[in-house]
Amino acid sequence: MKKVAIGASAGISGITAGCLGDNDDTELQVGIVDPLTEPVSLFGIDEIADTAGENMGAEYELTVNAAEGSPQVINQLSAGELQIGNVAYASFPRSVAQEAVPGGITGIVSEARDAHPDYKPWEILTLEDSDISEPEDLEGSDFGVNAVGTGVHAICELGLREFGLNPDEDIDWVEIEFPAIGSALRDGRIDAGIFVPVFSHAEVAEGGVELVFDSTDVWDEQYDFTFLAARNEFLDDNSDTVEYFLEDYTNLLEYIYDPDNRDDVVSLASDEFDVPEELLDMYYLTEEDFYRPQDGRLDIPRLQEVIDRLYESELIEDNINVEDNATNEYLP
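If you want our numbering, it's the position in the sequence shown, counting the first as 1, plus 1.
Hints listed in this document are in silico derivations from the structure and should not be mistaken for laboratory results. Every residue, glycine too, gets a C-beta built ideally from N, C-alpha and C. Fair warning: there could be bad hints in the mix.
[Said to hold, decoys possible] Label pairs and their calculated CB-CB ranges:
| id | residue 1 | residue 2 | range |
| --- | --- | --- | --- |
| 1 | 319 | 48 | 36 to 46 Å |
| 2 | 208 | 329 | 38 to 48 Å |
| 3 | 130 | 59 | 54 to 64 Å |
| 4 | 313 | 238 | 28 to 38 Å |
| 5 | 298 | 140 | 22 to 32 Å |
| 6 | 129 | 296 | 39 to 49 Å |
| 7 | 98 | 149 | 37 to 47 Å |
| 8 | 255 | 132 | 45 to 55 Å |
| 9 | 98 | 303 | 14 to 24 Å |
| 10 | 190 | 51 | 24 to 34 Å |
| 11 | 314 | 176 | 12 to 22 Å |
| 12 | 140 | 82 | 35 to 45 Å |
| 13 | 205 | 319 | 33 to 43 Å |
| 14 | 69 | 103 | 16 to 26 Å |
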């Protein structure tokens, strides 16, 4: 299954849902990074949008665009190309502290949580026949990560520190897009790498890999790894539109997590994102996937604790007050 090109997880060019009448020109541009992690991408499937998107078309028109990472989404928010966009727990405080988006941004809804004890975490894998059997054996290794300086990289850095390694001196970081980390590992270009659930399951299904450590070794409690944030200027002038959108978003979560709908959702997502259905069926929307709170609510105190640790570990330069920059008030 790893031989199949899973292009969707590297980004989709754009999906549009909803058709507005002549009397309403509200357009909502939402930026995402990984369609399989971020449920809003499913609004691009007509069969799902028609059921869950009750306000779509009547109150707003939705366009979803995929980027290579949260930093690119932040740039698009800054340029006014997006009203709402995906941010990760590490890029969010940087963008707020540096005032990267004019007028600022506010976190409004959770997309996925990491380190939930009953759900899939981020995993660091190596080959079974490698010399790496314990995290300490990673010293001197070539380590594959999507990009240095990201929240994913922060998981790796903090984990290495937990096991007594110096991430700056003991590791050679190799930047590789998520879909290519598995092939780089098997080709011997890296010794270990970090895997998002879809690729972790694909590699385990093929065999010959083993777990070195995961993000539950780094974080003792679940936290909002990725969430949607809106431009403050847009929130101030369009709070009703945001509320309509988040009502549809939570309806979407209720729909896709209904056990009676899962087979259809998996089949539709397989077709939409060109991912083998048998691979999606292994994990998608189960406990083998990231945890997603179905009410969409951000755990703001916990997010503050996580960002505090990033600051104390010098992985971000400036700290922020999360309560001033995140809210659940627009959710149903």
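Against the structure, the hints:
A beta carbon spacing of about 44 Å between residue 319 and residue 48 agrees with the range 36 to 46 Å that was offered as a hint. Distance hint check: the CB atoms of residue 208 and residue 329 are about 43 Å apart, consistent with the given range 38 to 48 Å. For residue 130 paired with residue 59, a C-beta distance near 58 Å keeps the hint of 54 to 64 Å intact. Separation of residue 313 from residue 238 is about 37 Å and conforms to the stated range, judged on CB atoms against 28 to 38 Å.
The hinted range of 22 to 32 Å is not satisfied by residue 298 and residue 140, whose Cβ atoms lie roughly 41 Å apart. One distance hint, 39 to 49 Å for the beta-carbon pair residue 129 and residue 296, holds here, with the actual separation near 40 Å. Our hint of 37 to 47 Å for residue 98 and residue 149 is violated, since their Cβ atoms are close to 19 Å apart. Remark: the range hint 45 to 55 Å for residue 255 to residue 132 is upheld by a beta-carbon distance near 48 Å.
Under the hint 14 to 24 Å, the C-beta atoms of residue 98 and residue 303, about 19 Å apart, fit the expected range. Distance hint check: the CB atoms of residue 190 and residue 51 are about 45 Å apart, inconsistent with the given range 24 to 34 Å. At roughly 21 Å, the beta carbons of residue 314 and residue 176 sit within the given window of 12 to 22 Å. At roughly 43 Å, the beta-carbon separation of residue 140 and residue 82 lies within the given 35 to 45 Å, and the hint holds.
Between residue 205 and residue 319 the CB atoms are about 39 Å apart, so this pair conforms to the stated range of 33 to 43 Å. Between residue 69 and residue 103 the beta carbons are some 22 Å apart, a value that agrees with the proposed interval 16 to 26 Å.
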